[in-house]
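Chemist: The chain contents come next:
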Amino acid sequence: MLEVIRSPKIYDVCIIGSGAAGGAAAKVLTEGGVSVVMLEAGPPLDPAKDFKEHLWPYDLAHRGGGVGGKLRGEEADEFMAPNGAWEIDGEPYVLAPGSTFRWFRSRVVGGRTNHWGRVALRFSPMDFKARSRDGMGDDWPMTYEELAPYYDKVESYIGVFGTKENIPSSPDGIFQPPPKPRCTETLLKRACDKVNVLCVPARMAIITQPLNGRPACHYCGQCARGCKSASNFSSSQVLIPPALATGRLTLVTNAMAREIVVGKDGKAEAVSYIDRTTKGEKQVRARSFVVAASTCESARLLLNSRSTLFPQGLANSSGLVGRNLMDSVGSWGSGYFPQLEKMPPHNHDGSGGNYLPHVYMPWWKFDRKNEFLRGYHIEPGGGRFMPVVEQFDDVCDHVEGYGASLKQSCRRSYGATIGMEALGEMIPNENTYCEIDPSVVDEWGIPVLRFHWRAGENEMKMAKDMQQTFRAIVEAAGGTYSTDVTTDGPAPYGLYDGGTAIHESGTVRMGDNPKNSVLNKYCQAHDVKNLFVTDAGAFVTSPDKNPTLSILALSWRASENLLEQAQRGNL
Amino acid sequence: MSISRRDLIKSLSLSAAAGSMLRVVPLTAAETARRMVRVHKAVSSSGEYVPKFFPEHQYKTLRALCQAIIPSDQESGGAIEAGAPEFLDLLSSENKDLQLQLGGGVMWLDATCTERNGQTYLQCAPGQRTEMLDLIAFRKNADKDPRLRPGIEFFSTLRKYTADGFFTSEIGIQYLGYIGNTYLKEFPGCPAIPEA
Chain A
1 MLEVIRSPKI
11 YDVCIIGSGA
21 AGGAAAKVLT
31 EGGVSVVMLE
41 AGPPLDPAKD
51 FKEHLWPYDL
61 AHRGGGVGGK
71 LRGEEADEFM
81 APNGAWEIDG
91 EPYVLAPGST
101 FRWFRSRVVG
111 GRTNHWGRVA
121 LRFSPMDFKA
131 RSRDGMGDDW
141 PMTYEELAPY
151 YDKVESYIGV
161 FGTKENIPSS
171 PDGIFQPPPK
181 PRCTETLLKR
191 ACDKVNVLCV
201 PARMAIITQP
211 LNGRPACHYC
221 GQCARGCKSA
231 SNFSSSQVLI
241 PPALATGRLT
251 LVTNAMAREI
261 VVGKDGKAEA
271 VSYIDRTTKG
281 EKQVRARSFV
291 VAASTCESAR
301 LLLNSRSTLF
311 PQGLANSSGL
321 VGRNLMDSVG
331 SWGSGYFPQL
341 EKMPPHNHDG
351 SGGNYLPHVY
361 MPWWKFDRKN
371 EFLRGYHIEP
381 GGGRFMPVVE
391 QFDDVCDHVE
401 GYGASLKQSC
411 RRSYGATIGM
421 EALGEMIPNE
431 NTYCEIDPSV
441 VDEWGIPVLR
451 FHWRAGENEM
461 KMAKDMQQTF
471 RAIVEAAGGT
481 YSTDVTTDGP
491 APYGLYDGGT
501 AIHESGTVRM
511 GDNPKNSVLN
521 KYCQAHDVKN
531 LFVTDAGAFV
541 TSPDKNPTLS
551 ILALSWRASE
561 NLLEQAQRGN
571 L
Chain B
1 MSISRRDLIK
11 SLSLSAAAGS
21 MLRVVPLTAA
31 ETARRMVRVH
41 KAVSSSGEYV
51 PKFFPEHQYK
61 TLRALCQAII
71 PSDQESGGAI
81 EAGAPEFLDL
91 LSSENKDLQL
101 QLGGGVMWLD
111 ATCTERNGQT
121 YLQCAPGQRT
131 EMLDLIAFRK
141 NADKDPRLRP
151 GIEFFSTLRK
161 YTADGFFTSE
171 IGIQYLGYIG
181 NTYLKEFPGC
191 PAIPEA
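Each protein sequence line maps, in turn, to chains A and B.
Letter by letter, the first sequence follows residues 1 to 571 of my numbering.
Letter by letter, the second sequence follows residues 1 to 196 of my numbering.
Calculated directly from the structure, the hints in this document are not laboratory data.
Fair warning: there could be bad hints in the mix.
Stated by the list, open to error - Selected chain B positions facing chain A (Cβ under 8 Å, derived; list incomplete):
1) TYR59
2) LYS60
3) PRO71
4) PHE167
What you are looking at is a predicted structure, and each value in this text was computed from that prediction instead of being measured.
We put the beta carbon where it would ideally sit given N, CA and C, even for glycine.
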């Protein structure tokens, strides 16, 4: 007879998810003296075994392209830190008719922080009050000034490089020195100066000086593979270890949370989860709960936690769980630069890697009226990084032929292409949300998400501007712009499908009014006082800054507030 | 001093810095582990390669085609020395689409050579082989002769995968002049960009 295994212990806090939000909460809460159990859906991480830095493509039989070459050209090649994928066997998601959305998940301790881009940008004061400025979306129930001390704490602890630039829409942080620019970046900087686009040193969660026992970066440009020296930030290498060192963290891996159980008093009291190794059901009890499973998974967990008290899903009296789904507005363009053909051999790797640059273009048109609202920043890439499969497809298609001339053409073009990715602010709309699919369950028996996605007018106009900016920069640098985009159709101006930027947010939004928000400004559920959601689900807007630094700051702040409330006996 | 595999695994797992639970792998241990992976592979792959997917004749044809696409020259070896044919055979053994594209393509090539010259591609004289490749190596040739289209598609795919196999090999990476993947105390920046 199958028994549900219930742990007798009642922990102070149960954290669901071990990524940025979960890791920050674990560190702050355990160091604050409370007992924490953390459920992570994926397996444990062993950096020595699981991270693949310094391997050459020819060290692997498939050269990085995976079995059958199926990962050729994919984001997640064989080298990437585990276990990220758009499609996970046994864990499907559904798209509503007419909607395109891709959902990237990494089932392992540390989650997507093991391979993320390390771009560490603060939201600005104007980002928190976007609606007050232009009437669209909503204001956050808090200000930049309230979050700034937490940005300070996070940057001081994890280490971020950058320079103080005094740009109002991109606040300065506490920075270690950045590495020198690469030749591709110097070329772009000169062009940006010509066309009046800001271009400054990047701000990256990579340390260039030793910090808290972690050695400085050694500039191999392989951050996406992980980092055996813990010189870049991941929750697994920087937040979980100090939490474990307190002796107060119990980390349960291969634990797929299924439902948060609510008691008759309307407080959360337990999490039922599936042990992925046995497919057995278990339960863990706690006094408070921090849901940090990532935006869409957190919404999914709440929606699947139905009870007579919460027929629409836990903490969902507003009906907003799953709504206001956002991702960064994205578009990409590239150009060819003949002057780069003649570069002498040089080490181009640096920190980060391809599209994880030493410079970036922060939003610069914040002081004027544009054709669209809000803004975007640009991250460049290109140059002589380690060759990968698919690298010379364009040359092969363009030059054709075979033999010596083909061989030489590939070499001549190597490193002469520069690409730019722009990431901007999406305004939430009522046609973009996730909900529970009525019929499909995953292999654990948990109902899956169905995604609805619609890009709005503002997103399309922004993408058009992105393309114009790319072309202007490339041409000012003496290159040939080589990206063709349509002006209509499914991807106008190269507009990314939803989910492609992997910056989902908004589905468990915070606010002052319980009728149009799920959480208060401390990420605490209005309906359930001992429930907190501290990942990007809590975001009210999706500013033109990558979310991770703000997730860390918000989760740190929410955790300190949880500790205060616990001490006062409110929970 | 040589390090045994056992010592290495021990040092990789006991890498916690004093007083913390950080999993920082000593850099020298990581580099040595990588080299041991490579040495191990080289030893077990000695001897003649037995194709996993292509029959013997088709595999010989594939080898010749790969070498024609990326030949040896004064500076470096070509596709064969880079292990490109083995790489393509491995992928094809795992990928049904490639089985059709490359496997079917090689068959098409032999059939077309037989039709035009009375013998398979490998049996053809060098001039006849060059003539055939010149036809299928350029898309525009399908305008004049639409029957070439399958061969053109085949060659386009073969060319890209052969480039993969060459430029991700040790000799290919050296040929490109990539000199990264190492350990630096500081990033030196790049040399100045030469005038266009």
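Chemist: Please go over all the hints and tell whether each is borne out by the structure.
Modeler: Against the structure, the hints:
1. TYR59: Hint on B/TYR59: violated, closest Cβ of chain A at ~17 Å, above 8 Å.
2. LYS60: violated (18 Å)
3. PRO71: With a closest approach of 6 Å, the B/PRO71 hint holds.
4. PHE167: holds (5 Å)
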